[in-house]
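S.K.: Each chain is listed here by its residues.
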Amino acid sequence: MKDPGIEKYTASFALALAISSLLSALLVVIKERNADTLLAWMKAATGHHWVSHGILVLSLFVVLGWALAQTGVGARLSGNALSGIITGSLVLSGLIIAGFFI
Amino acid sequence: MPQELLLMLHPSFGALAILAAVWVFAETLNNAEASQWRIRLVSLAAALFMWSSYLLGGYWYVRYYGADKALINAGPWPFAHSFFMETKEHLFFSLLLLATYLPLAAFGLTPGQSQVRGLVLWVAAWIVLLGLSMEGAGAFVSMGVKVALLAKTITGMSP
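Order-wise, the sequence lines are chains S and P.
If you're matching positions, the first sequence starts at 1 in the working numbering and goes up one per residue.
If you're matching positions, the second sequence starts at 1001 in the working numbering and goes up one per residue.
Don't read these hints as lab results, they were simulated from the structure.
Don't take every hint at face value.
Said to hold, decoys possible - Below, a sample of chain P positions facing chain S; criterion: calculated Cβ distance under 10 Å:
(1) N1073
(2) E1089
(3) L1091
(4) F1093
(5) L1096
(6) G1108
(7) L1119
(8) W1122
(9) S1142
Just so you know, even glycine gets a beta-carbon here, dropped at the ideal spot from N, CA and C.
Chain S on its own, in the form it takes in the complex (with noise of 0.2 Å):
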């Protein structure tokens, strides 16, 4: 087997990134379209929605990032294909945010 000589923090954090800036771009949509439910919650909790917004993506990051690593999902990828996975997920991300608030 090929070894793509990649750390497997290096790797899971990587996936981290793309599935919780993903979820992000997700919980956008969500929240906004709940604004008595999901929104309402997410003010009550720290006064500010996208204070909670930004506790629940960075927390998501790190906790996906070191559950990766133990699985050893990410060990299996090279860096291409890490770099391509952040770039759909940033694309997509970056679609789903823009194109919900135009």
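Place chain P on chain S using the hints.
M.R.: Chain P alone, transformed into the frame defined by chain S:
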């Protein structure tokens, strides 16, 4: 600290983070033995600058933006908030994650390790691209406030 100065520090730290990412990108293209300590140091600086921009801008946004938002929404450029600010404030999280991840990838880099090299190049390039987009969106928000104030002034001056 006056709130205006706080607001100016937000794009200033953002610009410094962009410059640091450009530096990391250029050093990683070369990826020589002598570049390694600079790549690591400057990637850490990029993360630090981006976190400073996030915390200062975030504090200002939560504490003071409400008044500007009301002005923009009542002015001739409501899209400065409804599109540019909304997109900017939410897409910023992806940029923050990228800047946080950059040193993690950079510390895994060694000369001639092309897989990690490509990853660092892509992450640095995305920080530059998204960072410049944030600066541009911020300019639209500022202009949204300016045209709203101008419209108010002109309306107030008319007989």
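S.K.: Mind listing which of the numbered hints don't hold for this structure, in increasing order?
M.R.: Hints 1, 9 contradicted; others consistent.
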